[in-house]
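Visitor: Given next are the chains, with one letter for each unit.
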Amino acid sequence: ETGVTQSPTHLIKTRGQQVTLRCSSQSGHNTVSWYQQALGQGPQFIFQYYREEENGRGNFPPRFSGLQFPNYSSELNVNALELDDSALYLCASSRTGTGGGYTFGSGTRLTVV
Amino acid sequence: QQPVQSPQAVILREGEDAVINCSSSKALYSVHWYRQKHGEAPVFLMILLKGGEQKGHDKISASFNEKKQQSSLYLTASQLSYSGTYFCGTEFWMEYGNKLVFGAGTILRVKS
Numbered sequence: 642e643t644g645v646t647q648s649p650t651h652l653i654k655t656r657g658q659q660v661t662l663r664c665s666s667q668s669g670h671n672t673v674s675w676y677q678q679a680l681g682q683g684p685q686f687i688f689q690y691y692r693e694e695e696n697g698r699g700n701f702p703p704r705f706s707g708l709q710f711p712n713y714s715s716e717l718n719v720n721a722l723e724l725d726d727s728a729l730y731l732c733a734s735s736r737t738g739t740g741g742g743y744t745f746g747s748g749t750r751l752t753v754v
Numbered sequence: 356q357q358p359v360q361s362p363q364a365v366i367l368r369e370g371e372d373a374v375i376n377c378s379s380s381k382a383l384y385s386v387h388w389y390r391q392k393h394g395e396a397p398v399f400l401m402i403l404l405k406g407g408e409q410k411g412h413d414k415i416s417a418s419f420n421e422k423k424q425q426s427s428l429y430l431t432a433s434q435l436s437y438s439g440t441y442f443c444g445t446e447f448w449m450e451y452g453n454k455l456v457f458g459a460g461t462i463l464r465v466k467s
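As you go down the protein sequences, you meet chains V and G in turn. Sequential numbering from 642 applies to the first sequence in the working numbering. Sequential numbering from 356 applies to the second sequence in the working numbering.
Treat each hint with caution, since some may be false.
[To be verified] Cβ-to-Cβ under 10 angstroms is the rule here; a few derived chain V residues that face chain G:
{"no.": "1", "residue": "T643"}
{"no.": "2", "residue": "S648"}
{"no.": "3", "residue": "P649"}
{"no.": "4", "residue": "Q658"}
{"no.": "5", "residue": "P684"}
{"no.": "6", "residue": "G697"}
{"no.": "7", "residue": "F701"}
{"no.": "8", "residue": "P702"}
{"no.": "9", "residue": "P703"}
{"no.": "10", "residue": "F705"}
{"no.": "11", "residue": "F710"}
{"no.": "12", "residue": "N712"}
{"no.": "13", "residue": "S714"}
[Unchecked claim] Here are the simulated distance ranges between beta carbons:
{"no.": "14", "chain 1": "G", "residue 1": "I366", "chain 2": "V", "residue 2": "E694", "range": "42 to 50 angstroms"}
{"no.": "15", "chain 1": "V", "residue 1": "G657", "chain 2": "G", "residue 2": "G370", "range": "23 to 31 angstroms"}
{"no.": "16", "chain 1": "G", "residue 1": "K422", "chain 2": "V", "residue 2": "V754", "range": "32 to 40 angstroms"}
These are calculated hints, taken from the structure and not from any lab test. Yeah, the Cβ is synthetic: ideal placement off N, Cα and C, and Gly gets one too.
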């Protein structure tokens, strides 16, 4: 079974720019959740996608948006980047209704300068 | 909504035991436990559903007290490979899935 793949692994952007991060979910999983992890902190929930629709959102502004595609892969888009957006962005896939755990990707390290 | 973990950090010698606690102010559907090594993705250890069950995974086990809204992770006879940051995640219902909210983590370091 394939795991969760995220791309790119590292990214440097300038304040005010826009960025798109990508995630391929694990085979058999239909739900994707995105997390932001600052250094030394726990992952913070951004939002979750199921059946190509946003299904719940954390305390993040609208400039954080996403998509889920029919093959369950997903994108995270961040507009008008701010310095505080610098973090590790983690994607996790799961299968709704199975009571199973999340499989995380290795993340995208975003640096905003 | 973020669960509270304790302790923040613990240092052990190989073979020693440790307990990591996780508590929530809200009613829980389930509790997840993950371990993250430096520079790597969090890895799923186990999930505990409502019912006060206890689960085991090699020499790592966990309990879930639904009434107290608490979970504890037990690491027995620790090995060097147990080093990392341990996160508990508490699940809350959403329409089509569950939101998993993580604690701040407990740093575990096992020394030889």
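Visitor: Please go over all the hints and tell whether each is borne out by the structure.
Guide: Hint check:
The restraint placing T643 of chain V at the interface with chain G is violated, with a minimum CB-CB distance near 14 angstroms, outside the 10 angstroms limit. Given hint, S648 of chain V at the interface with chain G, is violated; its Cβ is 14 angstroms from that chain's nearest Cβ, farther than 10 angstroms. The interface hint given for P649 of chain V is broken, as the beta carbon of that residue sits about 15 angstroms from the closest beta carbon of chain G, more than 10 angstroms. For the restraint placing Q658 of chain V at the interface with chain G, the shortest Cβ-Cβ distance is roughly 25 angstroms, beyond the 10 angstroms limit, so the hint is violated.
Here the hint on P684 of chain V is kept, as its CB sits about 5 angstroms from the closest CB of chain G, short of 10 angstroms. Against a cut-off of 10 angstroms between C-beta atoms, the interface hint on G697 of chain V holds, since the closest Cβ of chain G lies about 4 angstroms away. Given the 10 angstroms rule on beta carbons, the hint for F701 of chain V is violated: about 13 angstroms separates it from the nearest Cβ of chain G. Of the supplied interface hints, the one on P702 of chain V is violated, with its beta-carbon coming no nearer than about 18 angstroms to a beta-carbon of chain G, more than 10 angstroms.
Proximity of P703 of chain V to chain G is violated relative to the hint, the smallest CB-CB distance being about 18 angstroms (cut-off 10 angstroms). The interface hint given for F705 of chain V is broken, as the beta carbon of that residue sits about 15 angstroms from the closest beta carbon of chain G, more than 10 angstroms. The closest approach between the C-beta of F710 of chain V and any C-beta of chain G is roughly 17 angstroms, which is over the 10 angstroms cut-off, so the hint fails. Because the closest C-beta pair between N712 of chain V and chain G is about 18 angstroms apart, greater than 10 angstroms, the hint is violated.
Look at S714 of chain V: its Cβ only gets to about 17 angstroms from chain G, farther than 10 angstroms, so that hint breaks. As the Cβ distance of I366 of chain G to E694 of chain V is approximately 45 angstroms, the hint placing it in 42 to 50 angstroms holds. The hinted range of 23 to 31 angstroms is not satisfied by G657 of chain V and G370 of chain G, whose Cβ atoms lie roughly 53 angstroms apart. Hint check: K422 of chain G to V754 of chain V, Cβ distance near 49 angstroms, so the stated range 32 to 40 angstroms is violated.
Hint violations for this structure: numbers 1, 2, 3, 4, 7, 8, 9, 10, 11, 12, 13, 15, 16, all remaining hints satisfied.
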